[in-house]
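J.: Residue numbers for the sequence shown follow our numbering, beginning at 1 and rising by one.
Rather than coming from a laboratory, the hints here were simulated on the basis of the structure.
Don't take every hint at face value.
[Said to hold, decoys possible] Below 25 Å or equal to it, Euclidean Cα-Cα: the simulated DSS-like pairs (lysine-lysine) are: (1) K110 to K38; (2) K38 to K64; (3) K65 to K110; (4) K116 to K184; (5) K110 to K64; (6) K80 to K65; (7) K80 to K110; (8) K38 to K80; (9) K116 to K38; (10) K64 to K80; (11) K116 to K64.
None of these values were measured; they are calculated from a predicted model.
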Amino acid sequence: MTPQTQWLRVFEQEDVNFLLTNRIPRRLTTQLLGWFSKIEQPLVRDLSIGLWRTFSGLDLSEAKKTEFRSMHDCFIRELKDGARPFAADPQIFASPCDAIVGACGTIAGKELHQIKGFPYTLDDLLCDPALVETHRNGTYVTLRLTSSMYHRFHAPHDCHVEEVRYISGDTWNVNPIALKRVEKLFCKNERAVIKTTLAAGGHRVTLVPVAAILVACIRLHFIDVLLNLRHPGPNVIPCDATLRKGQEMGWFEHGSTIIVFAPGEFRLADGIAEGATIRAGEPLMRLP
1 MTPQTQWLRV FEQEDVNFLL TNRIPRRLTT QLLGWFSKIE QPLVRDLSIG
51 LWRTFSGLDL SEAKKTEFRS MHDCFIRELK DGARPFAADP QIFASPCDAI
101 VGACGTIAGK ELHQIKGFPY TLDDLLCDPA LVETHRNGTY VTLRLTSSMY
151 HRFHAPHDCH VEEVRYISGD TWNVNPIALK RVEKLFCKNE RAVIKTTLAA
201 GGHRVTLVPV AAILVACIRL HFIDVLLNLR HPGPNVIPCD ATLRKGQEMG
251 WFEHGSTIIV FAPGEFRLAD GIAEGATIRA GEPLMRLP
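Using the sequences plus the hints, can you model the full thing?
T.: Structure below.
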């Protein structure tokens, strides 16, 4: 058994994983990693990326460039042109990112799940009564980006972005181990609520990127603000951005989660179920 395998077996034990990724000064650790990851000294860069590749299965074969200035530069890497084609069919609502599918399905009134047995409400997550009513009894999909995945996310359909609501919060880990132990975890963490209207049919769709430990930084191209732990507000940021399907919206600076909310008449695409792996551009839902 290799040292890597031994380490992974220890780290995958639920109690150990939860302790190492949550029972630490989460915000301080996140800020320190944010600073460290931007160091452009070659030795620090190479050692950091090397360790990351060893323990996460990081695959850089699709990256647009082969040399990175820092670990941060590698985190937010672009992919080669054409690496993530978006389904051209206008009836297909595509995945905005590479991810592992978490809880998904139909919202029961205003209640949905972060994982089986752990409900939360639209009220607690969105903090916007009008938007809560928009998505009552709607369809949702939770998309979890692991640390080794491509961290940029894209418009899932032709749409207009009209508002971003930034909600400061904690930085709990968002992996399944934490989701089974921390109630209403997504509602506790820092997040951005992105309100969009689809060009096709005027359907209202909301994307909620949720930050996590070692992340806590969301970059959106259509607002001139870096959403992170140092951003005190304003809470509501008006937008007026028209995006094409597949156009890049922004990125996380590490793995995290995006929760997608759509009208109830939207249906999950074939194969979308908890535990499935999906890539940006592949079918996530079908429009009515």
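J.: If a hint holds in the structure, say so; if it does not, say that too.
T.: Cross-check of the supplied hints:
1. For the suggested pair K110 and K38, the alpha carbons sit about 40 Å apart, so the restraint of at most 25 Å is broken.
2. In summary, the hint linking K38 to K64 is supported, as the alpha carbons are separated by about 19 Å, within the 25 Å threshold.
3. Restraint check for K65 and K110: the C-alpha separation of about 44 Å exceeds 25 Å, so the hint is violated.
4. Using a Cα cut-off of 25 Å, the hinted pair K116 and K184 holds, with the two alpha carbons roughly 12 Å apart.
5. The suggested pairing of K110 with K64 is violated, with an alpha-carbon distance near 41 Å, which exceeds 25 Å.
6. For the hint pairing K80 with K65, the CA-to-CA distance comes to about 8 Å; that is within 25 Å, so the pair holds.
7. A C-alpha spacing of about 40 Å is found between K80 and K110, which places the hinted pair above 25 Å, so the restraint is violated.
8. This hinted pair checks out: K38 and K80 have alpha carbons roughly 23 Å apart, not beyond 25 Å.
9. Of the supplied pair hints, the one linking K116 and K38 is violated, its CA atoms being roughly 37 Å apart against a limit of 25 Å.
10. Distance check on the hinted pair: K64 and K80 sit about 4 Å apart at the alpha-carbon level, within 25 Å; holds.
11. This hinted pair does not check out: K116 and K64 have alpha carbons roughly 38 Å apart, beyond 25 Å.
Of the hints listed earlier, those the structure fails to meet are numbers 1, 3, 5, 7, 9 and 11, in rising order.
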